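Below, each chain spelled out in residue letters.
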Amino acid sequence: MSIKDQLDAAAVALAAVGSGSAESARTFVSDFGFKAEMYLDEELKAYRAFGLHRGVSNTLGLSSLRKGWAALKKGFRQGSRQGDLWQQGGLFVIGPGDRLHFAHRDRFAGDLADLAAMLAAAVNEAPAGVGPHGGAQHRNR
Amino acid sequence: MAPERIALEMDGLAVKNLEGDDVPLTSLWAERRVVLAFLRHFG
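From first to last, the protein sequence lines stand for chains Y and H. Mapping of the first sequence onto this note's numbering: position 124 corresponds to residue 124, and the numbering continues sequentially without gaps. Mapping of the second sequence onto this note's numbering: position 42 corresponds to residue 42, and the numbering continues sequentially without gaps.
For the record, the hints were derived by calculation from the structure and aren't laboratory data. None of these values were measured; they are calculated from a predicted model. Warning: the hint list may mix true and false statements.
[What the hints assert, rightly or not] Straight-line alpha carbon distances no greater than 25 Å define the calculated BS3-like cross-link-like pairs of lysine-lysine that follow: (1) H/K16 <-> Y/K35; (2) Y/K4 <-> Y/K35; (3) Y/K45 <-> H/K16; (4) Y/K4 <-> H/K16.
[As the list claims (entries may be wrong)] So, partial list: chain Y residues that the calculated Cβ filter (under 8 Å) puts toward chain H: (5) L7; (6) V12; (7) A16; (8) V17; (9) M38; (10) Y39; (11) Y47; (12) F92; (13) G97; (14) L115; (15) M118; (16) A122.
Ideal Cβ placement from N, Cα and C applies to all residues, glycine included.
Whole structure, please, built from the sequences with the hints as guidance.
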């Protein structure tokens with residue numbers, strides 16, 4: 001079962017934020033078959049609010065740059081499959097409300113989030129069937 | 001471990017949907033759980 005299917009089963013939404021134009025976002029959606037909500041943050045305010053890194057000045061050095069580039073090329077060669085969907089600025093699991101369940105911020109291209117950990121955080125006591133104020137508040141029992 | 005909380009500075013920030021309308025950032029998770037993916041910018 002794909003990640004999207006597992007999120008659907010747990011009634012967890014999937015939304016992507018991009019920094020490009022609406023046209024490039026539409027192209028992205030059609031190219032990747034990305035069945036998610038798509039939003040644009042052209043001024044990068046949301047990116048900054050989430051503390052996401054920007055630009056090569058933030059990379060950790062030449063070795064990580066090489067590693068990132070290798071992953072990038074590999075991702076492109078794979079074409080529009082699921083793997084390269086996740087080469088992004090960051091990945092978060094939030095809500096309902098202001099609870100942050102998972103956070104990953106890319107440090108360089110190809111610095112991928114731990115999708116298994118993300119998925120576990122997303123579907124763990126997910127809000128499905130719990131009611132609007134249920135969810136994670138009882139997770140520590 | 002109790003989950004972290006999203007910072008209050010998110011209030012007032014908005015993103016745009018593909019129709020060009022402003023959508024408050026916090027509305028994406030106010031009443032549901034969401035996996036929010038920030039896409040890497042290649043251009």
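Quick rundown of the hints versus the structure:
1. The hinted pair formed by H/K16 and Y/K35 meets the criterion: a straight-line CA distance of about 17 Å does not exceed 25 Å.
2. Simply put, Y/K4 and Y/K35 have alpha-carbon atoms about 8 Å apart, close enough for the 25 Å limit, and the pair holds.
3. For the hint linking Y/K45 to H/K16, the alpha-carbon distance of about 12 Å falls within 25 Å, and the restraint holds.
4. For the proposed pair Y/K4 and H/K16, the alpha carbon gap of about 23 Å is at most 25 Å, so the pair holds.
5. With 8 Å as the threshold, the beta carbon of Y/L7 comes within range of chain H, its nearest partner Cβ sitting at about 6 Å, so the hint holds.
6. At a threshold of 8 Å, the smallest CB-CB gap from Y/V12 to chain H is about 5 Å, leaving the interface hint in force.
7. Below 8 Å, beta-carbon pairs count as interface contacts, and Y/A16 has one with chain H at about 5 Å; its hint therefore holds.
8. Proximity of Y/V17 to chain H holds as hinted, the smallest CB-CB distance being about 5 Å (cut-off 8 Å).
9. Hint status for Y/M38: holds, given a least beta-carbon distance of 6 Å to chain H, under 8 Å.
10. A hinted interface residue such as Y/Y39 counts as satisfied when its beta carbon comes closer than 8 Å to some beta carbon of chain H; here the least separation is about 4 Å, so the hint holds.
11. Given hint, Y/Y47 at the interface with chain H, holds; its Cβ is 6 Å from that chain's nearest Cβ, closer than 8 Å.
12. Satisfaction of the interface hint for Y/F92 is found here, the shortest Cβ-Cβ separation to chain H being roughly 5 Å, below the 8 Å cut-off.
13. Checking Y/G97 against chain H by beta carbon gives a least distance of about 7 Å; that is within 8 Å, so the hint holds.
14. Taking 8 Å as the C-beta contact cut-off toward chain H, the hint placing Y/L115 at the interface is violated, the least distance being around 10 Å.
15. Restraint check, Y/M118 versus chain H: the minimum CB separation of about 7 Å is within 8 Å; hint holds.
16. At about 5 Å, the closest approach between the beta carbon of Y/A122 and any beta carbon in chain H falls short of 8 Å, and the interface hint on this residue holds.
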